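2 protein chains.
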Amino acid sequence: MGDLILTTFDWVPEPPRGFVRDLRVRWALEEAGLSYRVATVPFEDRRPEHFAHQPFGQVPWLTDGQLSIFETGAILLHLGGLSDTLLPNDPDARSTTVQWVFAALNSVEAAVQPWILYKFTGDTTQTPGRQLMDTFIAGRLKHMETVLGDREWLGRSFSVADILMADVLRVTDMFDGLAEHPVCRAYVARATTRPSFIKAHGDQLAHFAAADAARAR
Amino acid sequence: MGDLILTTFDWVPEPPRGFVRDLRVRWALEEAGLSYRVATVPFEDRRPEHFAHQPFGQVPWLTDGQLSIFETGAILLHLGGLSDTLLPNDPDARSTTVQWVFAALNSVEAAVQPWILYKFTGDTTQTPGRQLMDTFIAGRLKHMETVLGDREWLGRSFSVADILMADVLRVTDMFDGLAEHPVCRAYVARATTRPSFIKAHGDQLAHFAAADAARAR
Chain X
42 MGDLILTTFD WVPEPPRGFV RDLRVRWALE EAGLSYRVAT VPFEDRRPEH FAHQPFGQVP
102 WLTDGQLSIF ETGAILLHLG GLSDTLLPND PDARSTTVQW VFAALNSVEA AVQPWILYKF
162 TGDTTQTPGR QLMDTFIAGR LKHMETVLGD REWLGRSFSV ADILMADVLR VTDMFDGLAE
222 HPVCRAYVAR ATTRPSFIKA HGDQLAHFAA ADAARAR
Chain E
42 MGDLILTTFD WVPEPPRGFV RDLRVRWALE EAGLSYRVAT VPFEDRRPEH FAHQPFGQVP
102 WLTDGQLSIF ETGAILLHLG GLSDTLLPND PDARSTTVQW VFAALNSVEA AVQPWILYKF
162 TGDTTQTPGR QLMDTFIAGR LKHMETVLGD REWLGRSFSV ADILMADVLR VTDMFDGLAE
222 HPVCRAYVAR ATTRPSFIKA HGDQLAHFAA ADAARAR
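Just so you know, the sequences run in chain order X and E.
Residue 42 is where the first sequence starts when you use the working numbering, and the numbers rise one by one after that.
Residue 42 is where the second sequence starts when you use the working numbering, and the numbers rise one by one after that.
If you are wondering where the hints come from, they were derived from the structure by calculation, not from laboratory data.
Remember, predicted model here, so these are calculated numbers, not experimental data.
Among the hints, erroneous ones may be present.
The list treats identical chains as one, so a pair stands whether inside a single copy or across any two.
Said to hold, decoys possible - SDA-like cross-link-like pairs, simulated, lysine to any residue; straight-line CA separation at most 25 Å:
id : residue 1 : residue 2
1  : K240      : A93
2  : K160      : G180
3  : K240      : F92
4  : K240      : A227
5  : K183      : G74
6  : K183      : A93
7  : K160      : G106
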């Protein structure tokens, strides 16, 4: 393992603060007790060096020595490899965790993300496409309500899969998408009262607040 | 490694044929030269045994001996572990492949999927949310056009990441989403002329054709 460096934006506007995806990585690093430092790239002027690390011009990415990794799913699996607490070693338990990592991103977030775009714009026009999208997220949340009804965490213990799933459901909740899903909401509350989440969330807010202060100078 | 069993639906209507996600798993199995058999679950009457393997009531899932795995991303990483040809052993090359597996599913498919829901319903109403969604997919395709401009495959050689990315872009192309993205289109053509894709695609079509024939009897 080399030095761990997490790269995020130097500044973002107010709305996404507390939800920028470096949070997922900070959270995992805190859970694992791994030391790291934070580096930044310009939010407003995205340069070729940025795209060389993150081809979609987003954040975060993580460097571990010579290795540079983008996509929070891939970063969290990598950190899982550095810590038994985030990704179990036992093959069965590991497989369960990995499948829930993908489920959080490809089954649940894929349905949540377009729904959020609509919420974000305040668009309430009902059209056939919109209706299909609402059915899409409703189905996924219904099934998650069942899944989470009989367990504390997705696997035998808290893992990288819970960091991703809880973060996806947290943003759903922020746009009031969990009003009829008390089990999902309780899961989000369980995850986000962990000291590592509170630390990661506070650190992200402090990072962007410091950026405001630097700009005001 | 145990016996590999891929479970898919016993039947589906015409439109998704050739695009049901068991294709991604068939393709990987063919690339790796792994032997497997296909099992089915009812499409129309999804039972608790189905949800026990796939909590969202979808397909596919893969069993490898006692292990049962859902999510095509997780299944393909598992198969990658059984075959050097699909997921390189070298840590750097492996990390590149894993991040592109996530990019295919969480950065590209996440933008493609809602766009397809609209295409599927024929909904052309322009609303603010719809506009944001169109911007979302346009951005991702623009960046993929750049990424694929300087390489044959996402990593040093064809891998599970290409199976997922090519399949996501293939369905985009089917709805005419690649008209202005010739590099992405050429990549899809390169991937889908591989003998393993042709075999997997033909096998899926044959599977559902046999189901029609059985129903007609």
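List, from low to high, the hint numbers that the structure doesn't satisfy.
The structure breaks hints 1, 3, 5 and 7; every other hint is satisfied.
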